[in-house]
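Make the full structure from the sequences, and use the hints.
Number of protein chains: 4
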Amino acid sequence: MKTNAVKIGNIEIGGDRVVTIAGPCSVESLEQFQQTALFTQEHGATLLRGGLFKLRTRPDSFQGLGVAGFSIVEDVKTQTQMPYISEITDTRQVEELNDVVDAFQVGSRNMHNYALLKELGQTDKPVLLKRGFSGLIDEWLHSADYIVNGGNENVILCERGIRTFETKTRNTFDINAIAYVKQFSSFPVIADPSHGTGMRELVIPVALASIAAGADGLIVEVHPNPAEAKSDGYQALTFEDFQQLMNQVKKIEPIIKRNHC
Amino acid sequence: MKTNAVKIGNIEIGGDRVVTIAGPCSVESLEQFQQTALFTQEHGATLLRGGLFKLRTRPDSFQGLGVAGFSIVEDVKTQTQMPYISEITDTRQVEELNDVVDAFQVGSRNMHNYALLKELGQTDKPVLLKRGFSGLIDEWLHSADYIVNGGNENVILCERGIRTFETKTRNTFDINAIAYVKQFSSFPVIADPSHGTGMRELVIPVALASIAAGADGLIVEVHPNPAEAKSDGYQALTFEDFQQLMNQVKKIEPIIKRNHC
Amino acid sequence: MKTNAVKIGNIEIGGDRVVTIAGPCSVESLEQFQQTALFTQEHGATLLRGGLFKLRTRPDSFQGLGVAGFSIVEDVKTQTQMPYISEITDTRQVEELNDVVDAFQVGSRNMHNYALLKELGQTDKPVLLKRGFSGLIDEWLHSADYIVNGGNENVILCERGIRTFETKTRNTFDINAIAYVKQFSSFPVIADPSHGTGMRELVIPVALASIAAGADGLIVEVHPNPAEAKSDGYQALTFEDFQQLMNQVKKIEPIIKRNHC
Amino acid sequence: MKTNAVKIGNIEIGGDRVVTIAGPCSVESLEQFQQTALFTQEHGATLLRGGLFKLRTRPDSFQGLGVAGFSIVEDVKTQTQMPYISEITDTRQVEELNDVVDAFQVGSRNMHNYALLKELGQTDKPVLLKRGFSGLIDEWLHSADYIVNGGNENVILCERGIRTFETKTRNTFDINAIAYVKQFSSFPVIADPSHGTGMRELVIPVALASIAAGADGLIVEVHPNPAEAKSDGYQALTFEDFQQLMNQVKKIEPIIKRNHC
Numbered sequence: 027m028k029t030n031a032v033k034i035g036n037i038e039i040g041g042d043r044v045v046t047i048a049g050p051c052s053v054e055s056l057e058q059f060q061q062t063a064l065f066t067q068e069h070g071a072t073l074l075r076g077g078l079f080k081l082r083t084r085p086d087s088f089q090g091l092g093v094a095g096f097s098i099v100e101d102v103k104t105q106t107q108m109p110y111i112s113e114i115t116d117t118r119q120v121e122e123l124n125d126v127v128d129a130f131q132v133g134s135r136n137m138h139n140y141a142l143l144k145e146l147g148q149t150d151k152p153v154l155l156k157r158g159f160s161g162l163i164d165e166w167l168h169s170a171d172y173i174v175n176g177g178n179e180n181v182i183l184c185e186r187g188i189r190t191f192e193t194k195t196r197n198t199f200d201i202n203a204i205a206y207v208k209q210f211s212s213f214p215v216i217a218d219p220s221h222g223t224g225m226r227e228l229v230i231p232v233a234l235a236s237i238a239a240g241a242d243g244l245i246v247e248v249h250p251n252p253a254e255a256k257s258d259g260y261q262a263l264t265f266e267d268f269q270q271l272m273n274q275v276k277k278i279e280p281i282i283k284r285n286h287c
Numbered sequence: 027m028k029t030n031a032v033k034i035g036n037i038e039i040g041g042d043r044v045v046t047i048a049g050p051c052s053v054e055s056l057e058q059f060q061q062t063a064l065f066t067q068e069h070g071a072t073l074l075r076g077g078l079f080k081l082r083t084r085p086d087s088f089q090g091l092g093v094a095g096f097s098i099v100e101d102v103k104t105q106t107q108m109p110y111i112s113e114i115t116d117t118r119q120v121e122e123l124n125d126v127v128d129a130f131q132v133g134s135r136n137m138h139n140y141a142l143l144k145e146l147g148q149t150d151k152p153v154l155l156k157r158g159f160s161g162l163i164d165e166w167l168h169s170a171d172y173i174v175n176g177g178n179e180n181v182i183l184c185e186r187g188i189r190t191f192e193t194k195t196r197n198t199f200d201i202n203a204i205a206y207v208k209q210f211s212s213f214p215v216i217a218d219p220s221h222g223t224g225m226r227e228l229v230i231p232v233a234l235a236s237i238a239a240g241a242d243g244l245i246v247e248v249h250p251n252p253a254e255a256k257s258d259g260y261q262a263l264t265f266e267d268f269q270q271l272m273n274q275v276k277k278i279e280p281i282i283k284r285n286h287c
Numbered sequence: 027m028k029t030n031a032v033k034i035g036n037i038e039i040g041g042d043r044v045v046t047i048a049g050p051c052s053v054e055s056l057e058q059f060q061q062t063a064l065f066t067q068e069h070g071a072t073l074l075r076g077g078l079f080k081l082r083t084r085p086d087s088f089q090g091l092g093v094a095g096f097s098i099v100e101d102v103k104t105q106t107q108m109p110y111i112s113e114i115t116d117t118r119q120v121e122e123l124n125d126v127v128d129a130f131q132v133g134s135r136n137m138h139n140y141a142l143l144k145e146l147g148q149t150d151k152p153v154l155l156k157r158g159f160s161g162l163i164d165e166w167l168h169s170a171d172y173i174v175n176g177g178n179e180n181v182i183l184c185e186r187g188i189r190t191f192e193t194k195t196r197n198t199f200d201i202n203a204i205a206y207v208k209q210f211s212s213f214p215v216i217a218d219p220s221h222g223t224g225m226r227e228l229v230i231p232v233a234l235a236s237i238a239a240g241a242d243g244l245i246v247e248v249h250p251n252p253a254e255a256k257s258d259g260y261q262a263l264t265f266e267d268f269q270q271l272m273n274q275v276k277k278i279e280p281i282i283k284r285n286h287c
Numbered sequence: 027m028k029t030n031a032v033k034i035g036n037i038e039i040g041g042d043r044v045v046t047i048a049g050p051c052s053v054e055s056l057e058q059f060q061q062t063a064l065f066t067q068e069h070g071a072t073l074l075r076g077g078l079f080k081l082r083t084r085p086d087s088f089q090g091l092g093v094a095g096f097s098i099v100e101d102v103k104t105q106t107q108m109p110y111i112s113e114i115t116d117t118r119q120v121e122e123l124n125d126v127v128d129a130f131q132v133g134s135r136n137m138h139n140y141a142l143l144k145e146l147g148q149t150d151k152p153v154l155l156k157r158g159f160s161g162l163i164d165e166w167l168h169s170a171d172y173i174v175n176g177g178n179e180n181v182i183l184c185e186r187g188i189r190t191f192e193t194k195t196r197n198t199f200d201i202n203a204i205a206y207v208k209q210f211s212s213f214p215v216i217a218d219p220s221h222g223t224g225m226r227e228l229v230i231p232v233a234l235a236s237i238a239a240g241a242d243g244l245i246v247e248v249h250p251n252p253a254e255a256k257s258d259g260y261q262a263l264t265f266e267d268f269q270q271l272m273n274q275v276k277k278i279e280p281i282i283k284r285n286h287c
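Chains as they are written, first to last, in the numbering used here: chain A, 27 to 287; chain B, 27 to 287; chain C, 27 to 287; chain D, 27 to 287.
Hints should not be assumed to be uniformly reliable.
Okay, derived cross-link-like pairs now, BS3-like style, lysine-lysine, Cα gap no bigger than 25 Å in a straight line [claimed, not checked]:
id: 1; chain 1: A; residue 1: Lys276; chain 2: D; residue 2: Lys33
id: 2; chain 1: C; residue 1: Lys144; chain 2: D; residue 2: Lys103
id: 3; chain 1: A; residue 1: Lys28; chain 2: D; residue 2: Lys277
id: 4; chain 1: B; residue 1: Lys144; chain 2: A; residue 2: Lys144
id: 5; chain 1: A; residue 1: Lys276; chain 2: D; residue 2: Lys276
id: 6; chain 1: C; residue 1: Lys276; chain 2: C; residue 2: Lys33
id: 7; chain 1: A; residue 1: Lys277; chain 2: D; residue 2: Lys28
id: 8; chain 1: D; residue 1: Lys194; chain 2: B; residue 2: Lys194
id: 9; chain 1: B; residue 1: Lys277; chain 2: C; residue 2: Lys144
id: 10; chain 1: B; residue 1: Lys276; chain 2: C; residue 2: Lys276
id: 11; chain 1: C; residue 1: Lys103; chain 2: C; residue 2: Lys151
id: 12; chain 1: D; residue 1: Lys33; chain 2: D; residue 2: Lys151
id: 13; chain 1: D; residue 1: Lys28; chain 2: D; residue 2: Lys103
DEER-style ranges, computed between Cβ atoms [to be verified]:
id: 14; chain 1: D; residue 1: Asn30; chain 2: C; residue 2: Phe88; range: 28 to 38 Å
id: 15; chain 1: B; residue 1: Tyr260; chain 2: D; residue 2: Gly177; range: 48 to 58 Å
id: 16; chain 1: A; residue 1: Ala31; chain 2: D; residue 2: Lys277; range: 16 to 26 Å
id: 17; chain 1: A; residue 1: Glu57; chain 2: D; residue 2: Lys144; range: 56 to 66 Å
It should be emphasised that the hints constitute simulated quantities derived from the structure, not laboratory data.
Don't be surprised by glycine CBs; every beta carbon is placed ideally from N, CA and C.
Rendered as structure tokens:
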């Protein structure tokens with residue numbers, strides 16, 4: 027089915043190019059966020075990611091800088107001129123986050139949070155809708171409808187792995203789902219191989235696989251020093267890894283985009 | 027581990043008796059809710075359930091009566107003097123629902139909705155925390171901690187089935203989880219065999235099994251006419267089924283409660 | 027649906043009584059097997075289990091005594107006069123195992139081994155057919171048909187837990203499946219809470235739950251000294267545990283069997 | 027980790043080239059098998075597949091031509107000079123199948139059939155070891171060890187999808203597993219997107235994704251007229267589909283093989 031491209035800032039997702047959204051799991055400091063943004067931009071990323079409000083399984087884990095991180099994000103956006111995507115975790119955050127983000131991300135734990143989806147249907151910013159780690163493909167598409175029905179058609183799907191019996195990898199990246207939604211829906215779809223594998227060593231091959239299966243883009247976690255990251259360091263790419271990934275993406279993109287679009 | 031009993035109204039959960047929470051999936055009309063409440067009370071139920079705000083996968087499914095159902099609930103509560111539990115689906119509903127419910131239910135889709143859990147930690151009403159349909163036991167206990175850490179210790183766990191490869195039943199009721207949380211946590215736990223099986227024919231045996239495994243109570247869907255229910259009719263017990271269930275619960279309860287408490 | 031009882035030796039499975047099959051995971055020595063058989067018999071077990079040919083994930087794990095264990099089994103059978111069930115792992119074992127077993131067990135890994143099922147359809151001994159750890163209920167019933175179609179109608183189903191995303195327990199015991207096959211098939215069904223939980227602490231509550239859900243019997247692992255067992259010691263009951271289990275089974279049995287049969 | 031290439035006939039798997047194994051699910055007739063072999067060979071396939079002994083869930087489904095198909099296979103092998111792979115389903119088939127196959131395939135249902143694996147460890151033909159539909163990656167590698175420990179080091183792994191809660195696709199193709207075994211084992215690995223998706227429409231994108239993730243080859247089902255296939259027609263490629271797949275494989279192969287080997 028033909029994909030209806032969605033624009034985040036001036037960047038088109040679902041069009042002729044594979045886009046890369048890069049950044050740390052959490053915004054930790056100006057230095058960390060700025061360094062990452064500049065490096066990834068230099069090597070081909072066109073959008074910024076970085077969590078401010080984090081959803082963590084344990085109440086005593088680092089929950090993000092929250093509002094305290096806004097000025098960091100604004101500085102880096104001004105410097106790089108890259109659009110910025112961040113996760114919204116509560117209906118009451120729409121207003122404040124609206125000032126700083128160019129697109130809202132709905133995280134895996136909130137795919138079934140219909141109150142939040144309805145609220146985002148009322149906004150005029152694009153929504154990156156991650157698949158729930160146990161969301162059926164059908165439920166995922168219905169969740170997108172909750173947003174669209176509210177009047178906001180700018181939904182981008184994001185596959186980030188599902189929960190299965192396999193324990194070697196953090197999640198099982200569902201490559202079939204990428205191929206399925208490209209074929210049977212008109213939403214653009216991007217791949218999150220960082221959460222989809224949960225292992226730095228597997229991020230590059232699964233990212234390339236996603237593009238080969240037709241994904242319109244990637245969202246990847248990158249950190250200047252993964253060993254010291256405040257969250258999910260084991261799945262973050264180093265700068266060197268990121269550069270290697272982008273070199274390969276550039277080679278595979280022209281072949282595949284001609285085939286799938 | 028010793029269970030810390032929790033009181034909803036004047037009904038103790040986690041004490042010497044197995045309690046039964048009964049009612050329709052959704053409150054549909056005064057007649058339907060009243061009839062169900064009176065019948066189930068007569069046969070041994072001591073708490074009322076009935077959804078006002080429903081979470082539905084499809085945006086075009088019946089979403090509950092919402093605020094319009096409040097007066098129905100109040101009438102039936104006055105008449106029966108039974109405490110009432112209902113699902114909260116949005117942090118912004120706490121205030122209004124607080125007037126009508128004696129305990130808040132967090133549904134399966136919201137087990138990972140930490141904003142909601144934190145908000146409920148600030149209330150003084152007990153919280154029935156359903157396990158996410160793909161929530162790990164560990165994550166479930168951490169979600170309970172989100173509520174407790176806010177100052178509200180009155181958490182009751184509820185097992186309602188998990189998502190597996192099996193398609194014959196709507197969910198796979200995790201009987202191990204009942205036994206596990208009785209052994210290794212101090213929260214009371216109740217069983218929801220209606221969602222746990224998704225088949226009327228299996229509700230009674232799985233309800234009895236839950237009690238045998240140590241559950242402190244049951245929450246079951248009952249409808250005067252399941253074939254005409256506005257949601258989930260296939261898993262609702264008829265009045266006759268409910269009476270049969272309660273007859274058997276009465277026989278098994280004295281044997282088991284002596285063994286487990 | 028009415029259950030067609032099956033006899034192993036002179037013990038009826040699927041009739042008025044709940045039967046208990048007990049013994050170690052593997053036959054390790056005459057002393058270990060004899061001691062276990064005598065103790066469990068004294069407390070109510072009526073059938074013997076104990077693996078001779080073990081299926082192990084790792085080729086370097088203990089694979090069972092094999093033919094060397096036959097004389098041990100024969101001694102203990104003579105002494106106790108209890109029928110004996112053991113696992114068959116290869117079509118070529120039918121002839122030799124036939125001399126020593128009263129019923130063949132098909133393990134979880136072989137539920138889809140149709141060559142083996144067809145071969146067992148040709149024998150005149152009952153077959154205990156374990157559900158594959160990822161076998162659909164429908165596939166399980168079709169596997170039973172492979173045996174029945176060969177002319178052997180004496181099939182007993184055994185639920186032993188399925189593989190899910192939950193990692194706290196070794197498997198997820200599917201209590202729904204017990205209720206389902208009692209309702210919709212005529213085969214007797216027994217429960218294996220040892221494999222179904224993989225945790226000694228959960229075996230008793232899940233065993234009782236199975237009986238409450240309608241199971242016709244139990245198969246449990248018991249070992250004189252679980253800490254020194256050559257396989258699966260963490261899920262074996264001690265003698266003391268076994269005695270406690272049987273005390274509770276005796277109380278619950280009369281209530282439930284009247285309800286379900 | 028460096029891959030140890032394995033030769034089937036004169037075709038190397040795990041070396042510089044991506045290999046394609048093609049053919050029908052079942053050998054049905056000389057015409058059907060010959061036509062498929064000639065067409066797929068013309069477009070780049072270098073090995074033949076086609077089931078003789080089929081494992082089917084229902085005992086009344088088509089079970090393959092068995093020995094009656096041997097002469098068909100021999101005719102087509104002589105004509106095309108392509109090596110042939112077929113599934114073995116019983117330890118007692120080794121001898122007879124040995125005459126006709128160039129490599130034995132162990133199907134998904136037999137990954138845990140250790141008796142069969144040990145038997146194949148004694149042969150001098152390569153073994154294509156499919157992952158069980160609920161086999162852990164670790165168990166898969168241990169199953170390979172069962173064969174290697176018997177003296178046969180020529181094992182080729184094959185990922186074919188695992189069983190998850192998702193119902194839209196027949197299986198969930200585990201792309202992570204491809205990347206994992208390339209990184210952490212030395213066995214070659216090939217992808218089966220036909221079973222991995224169970225939908226003709228998804229076979230091509232998932233095949234390309236597998237190659238991008240590092241797979242050494244593909245095994246795909248092709249049928250002259252899928253609508254009339256005796257088994258699994260819904261996942262078989264038409265001749266036209268196959269030609270399109272091979273065109274794209276040829277473009278992606280040179281880029282990826284340089285990156286991964």
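Hints and how they fare:
1. A/Lys276 with D/Lys33: violated (33 Å)
2. C/Lys144 with D/Lys103: violated (31 Å)
3. A/Lys28 with D/Lys277: The given pair, whose Cα atoms are some 23 Å apart, holds under the 25 Å limit.
4. B/Lys144 with A/Lys144: This hinted pair holds, its Cα atoms lying about 21 Å apart.
5. A/Lys276 with D/Lys276: Roughly 18 Å between the alpha carbons, so the hint for A/Lys276 and D/Lys276 holds.
6. C/Lys276 with C/Lys33: holds (21 Å)
7. A/Lys277 with D/Lys28: holds (23 Å)
8. D/Lys194 with B/Lys194: Distance of about 15 Å is within 25 Å: holds.
9. B/Lys277 with C/Lys144: violated (44 Å)
10. B/Lys276 with C/Lys276: Given pair B/Lys276, C/Lys276 holds - Cα atoms ~18 Å apart, limit 25 Å.
11. C/Lys103 with C/Lys151: Within the cut-off at roughly 17 Å; holds.
12. D/Lys33 with D/Lys151: holds (9 Å)
13. D/Lys28 with D/Lys103: Not OK: D/Lys28 and D/Lys103 at ~32 Å, beyond 25 Å, violated.
14. D/Asn30 with C/Phe88: 28 to 38 Å: holds (30 Å)
15. B/Tyr260 with D/Gly177: 48 to 58 Å: holds (56 Å)
16. A/Ala31 with D/Lys277: 16 to 26 Å: At roughly 24 Å between Cβ atoms, D/Lys277 and A/Ala31 fall inside 16 to 26 Å, so the hint holds.
17. A/Glu57 with D/Lys144: 56 to 66 Å: holds (58 Å)
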